Amino acid sequence: MADDFNEREARRRGVSRRGFLQGSVTAAGAIAIGTGNWVLPAKWAHAAGPIKIGIATDITGPIGYAGNADWNTAQLVVKQINDAGGIAGRPVELYLEDTASNETVAVGNVRKLIQQNQVDMVLGGITSSMRQAIKDPIVRRGRTLYIYPQLYEGQECTKYLFNTGPTPAQQCDRLIPWLIAKGNKRFALPSANYVWPHLLNEYARKVIEANGGEVIFEEYYPLDQIEYSATVSKIVGEKVDCVFNTVIPPGVGPFFKQLYEAGFQKNGGQLACVYYDENLLNVNKQEEMEGLASCLDFFQDIEDPFSQQILADYKAMFPDTPYQFTAGSAASGTWRGLKLYEQAVIATNGDVDRDAVNEAMQTAKIAQGPGGGSEVVPGKWHCKMNMYIAQAHEGKYDVVEKYDMVDPKEC
Amino acid sequence: MEVVKLVFDILAFTSIMVLVVLGLGVIASMMGIFNFAHGEFVLLGAYTVYLFSTAGLPVWLGMLVAPVVVGAIGLVLERGIVHRFYALPVAAMLGTWALGLIIREIVRGLLGGLYYNVPEPVPGSFSLFGTEVSAWRAIVIVVTVLIVAGCYAFMTRTSYGLRIRAALENPALARSCGISTTQLYAFTFAFGAALAGLAGALMVPLFQIFADLGVRFLVQGFLSVMLGGIGTFEGPVLGGALIGAMVPGFQWLREIPGLSNLVNPVFAEVLVFVVAIVIVRLRPYGFIKQGRI
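So the protein lines, in turn, are chains P and U. The numbers in the numbering used here rise by one with no breaks, and the one at position 96 of the first sequence is 96. Take the position in the second sequence, starting the count at 1, then add 1000; the result is the number in the numbering used here.
Read the hints as simulated data drawn from the structure, not as lab findings. In this text the structure is predicted, and so the values were computed from the model without any measurement. Yeah, the Cβ is synthetic: ideal placement off N, Cα and C, and Gly gets one too. Keep in mind that a hint or two might mislead.
[To be verified] According to the in silico footprint, chain U covers these stretches of chain P (three or more CB under 8 Å from chain U):
#	region
1	212 to 225
2	279 to 293
3	366 to 375
[Said to hold, decoys possible] Label pairs and their in silico Cβ distance ranges:
#	chain 1	residue 1	chain 2	residue 2	range
4	U	Leu1128	P	Glu214	27 to 37 Å
5	P	Leu199	U	Pro1257	23 to 33 Å
6	U	Leu1128	P	Asp301	39 to 49 Å
7	P	Trp38	U	Ala1098	18 to 28 Å
8	P	Lys206	U	Val1003	55 to 65 Å
9	U	Val1145	P	Lys206	43 to 53 Å
10	P	Pro41	U	Ala1098	51 to 61 Å
11	U	Ser1176	P	Thr321	28 to 38 Å
12	U	Pro1257	P	His198	41 to 51 Å
13	U	Ala1098	P	Val377	24 to 34 Å
14	U	Thr1156	P	Glu214	56 to 66 Å
15	P	Leu311	U	Gly1258	49 to 59 Å
[Stated by the list, open to error] Facing chain U, according to a computed beta carbon distance under 8 Å, are these residues of chain P, among others:
#	residue
16	Pro62
17	Asn193
18	Tyr194
19	Gly263
20	Phe318
21	Pro322
Start from the sequences and build out the full structure, keeping to the hints where you can.
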């Protein structure tokens, strides 16, 4: 009876089962084919063909703002390389695949880069879970070089995989003693519950304790938790001096707001958050994050002329982009990764054979870059780079300390 | 002092939950469909306020306009798309989810995938029984009470409310009495959307504007309606209140000595769902099965 009614009603409204199915199939097809791939072809021919670089990053999905910034950066670097005559005379061709913040989609798209486009190197992945998902299709089955550009939890010592973002040692070794020297002894480590905060905290705890500080509590929250009254109450009640935060958006906004409303900063509390960059300045009101300390390889405030030139070039090439060139979105790591690769291929005289480039990458070095020069630590798959401590002040970052060529201490 | 803070925080979150659930419950009760785009109506309300804030207009004005804007969008979507799904509850879920997805991704594009704060019209905090509490949270509590009371009065005391209830009880009979259920459904859907818009507008200063703001509340809202039961006004409100109280409430369990190692924050979140499932098992039709308004 009910079915009869439903069917009659459906017919009356002009929706048949067949019609619905047809519609669904069309929609599913459109979603499956996707629109996220792109090629920037080489502008001139060379006997050995172009050098093909694949970018696999999150163009769509929750961290699309970072992926788009990385893709912009890659286009900028490759344009500059090609304008200067390519690498060892060979033009560079750039291929983009969207990893869509979805590991299943990403693995398929990365395979396309390797099997269909036959790229010589893949750069990309932003989250650690994405790196874990795509490194096997790239490095082992794909037998291709992989560069991972984002700051992360460390411990990635896979052959042919180069990490060009900062490690926990680079982010904590200078920042934590600096925080403790300012009189912050009691630390709280509120964190989002996934791999990066767990491993970063493990490292941070060691540094805190080695420098005479104390961890009052270390807690992990669901990634989308947006209510922190119990945590804030504990921080205030336990008289915590420094909140070393690894809660991520969307939770971090309400968390900092509740902390501010409870009078944490007013009573001398210090916020620290090592992934905070210019993209996150708008998450909270200025006063809610006043004094927040971050430690990254690049800030837009850095006065080094080369860094400012990169920012100006980026702005000139993408005048209307909402995606900023920042360290936390892996744009600085992308820049560094591509330029180190360039140096390695120059060293092999244009040979892009995986083992040859891998060998040359071990000693690759760039004199200049965002935040300064950088060099790969031979056999360690990570880079030495300059690190900066910056504090949020009236809605922007002021760089307060600079450390030269900090060791990644990995592998 | 701790108790005041605890009660206040729970009340504040409960209010937000109730506001979100109110619109969802009205639509679910009336048309018998779950509107999976409800979270995005919340998002659109928040986005409207954000637009006012970036344009330099007063935030409170944005909060007044948001329900009207979202209600109008709801009306257009109902007339254009959603009304085709009333006889097909499962297709309605998929269809409204798709609508929600489209709205969410458009907003994500407009925001560049980033997070932005929206200032409260009334910033700062005040002292309540010796505890500093957020002024805006206090206002949200008061507004929620007023809106719930207003909606209840509208449904039970006005002739339009009577017609809505008639259409809810027996659509065929209501139609034969000359009540246009088509019009009523369109109005109710727009009303539900407007409530969601208001919820989003009021909550956005507490959190921030980002594309997934609504989805966060949709799952808990859905659970609240399941708990409260469909077909009544009080049911979803009660369900929303319970979920709203459990979410921050269980987080405080670890402050009890002896439980601190047992109830970590992730476990507290899971516990909300465990309790909800147990209640649904015990009362499959929700808290309020009989006695319509």
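Comparing the hints with the structure gives:
1. Coverage of a stretch by a chain is defined here by at least three residues with a beta carbon nearer than 8 Å to that chain's beta carbons; for the region 212 to 225 of chain P and chain U the count is 6, and the condition holds.
2. Counting residues of the region 279 to 293 of chain P whose CB lies closer than 8 Å to any CB of chain U gives 7, so the stated coverage by that chain holds, three being the minimum.
3. For the region 366 to 375 of chain P, the assignment as covered by chain U is violated, since 0 residues bring a beta-carbon within under 8 Å of that chain's beta-carbons and 3 are needed.
4. Between U:Leu1128 and P:Glu214 the C-beta distance comes to about 32 Å, which sits within the given range of 27 to 37 Å.
5. A hinted range of 23 to 33 Å holds for the C-beta pair P:Leu199 and U:Pro1257, which are about 30 Å apart.
6. Distance hint for U:Leu1128 and P:Asp301: a CB-CB separation of about 40 Å, consistent with the stated range 39 to 49 Å.
7. Between P:Trp38 and U:Ala1098 the Cβ separation comes to about 26 Å, which falls inside the hinted range of 18 to 28 Å.
8. For the hinted restraint 55 to 65 Å between P:Lys206 and U:Val1003, the CB-CB distance of approximately 38 Å leaves it violated.
9. Distance hint for U:Val1145 and P:Lys206: a CB-CB separation of about 50 Å, consistent with the stated range 43 to 53 Å.
10. In this structure, P:Pro41 and U:Ala1098 break the distance hint of 51 to 61 Å, their C-beta atoms being roughly 36 Å apart.
11. Between U:Ser1176 and P:Thr321 the Cβ separation comes to about 60 Å, which falls outside the hinted range of 28 to 38 Å.
12. Look at U:Pro1257 against P:His198: about 26 Å separates their beta carbons, and that is not inside 41 to 51 Å.
13. Restraint check, U:Ala1098 to P:Val377: a C-beta distance of roughly 49 Å breaks the suggested window 24 to 34 Å.
14. For the hinted restraint 56 to 66 Å between U:Thr1156 and P:Glu214, the CB-CB distance of approximately 58 Å keeps it satisfied.
15. Take P:Leu311 and U:Gly1258: their Cβ atoms lie about 54 Å apart, and the range 49 to 59 Å holds.
16. With a cut of 8 Å, the hint placing P:Pro62 at the interface with chain U holds, because the nearest CB-to-CB distance is about 7 Å.
17. With 8 Å as the threshold, the beta carbon of P:Asn193 comes within range of chain U, its nearest partner Cβ sitting at about 5 Å, so the hint holds.
18. At a threshold of 8 Å, the smallest CB-CB gap from P:Tyr194 to chain U is about 11 Å, leaving the interface hint violated.
19. Interface hint at P:Gly263: satisfied, since its Cβ lies 6 Å from the closest Cβ of chain U, which is below the 8 Å cut-off.
20. Hint status for P:Phe318: violated, given a least beta-carbon distance of 12 Å to chain U, over 8 Å.
21. Satisfaction of the interface hint for P:Pro322 is found here, the shortest Cβ-Cβ separation to chain U being roughly 3 Å, below the 8 Å cut-off.
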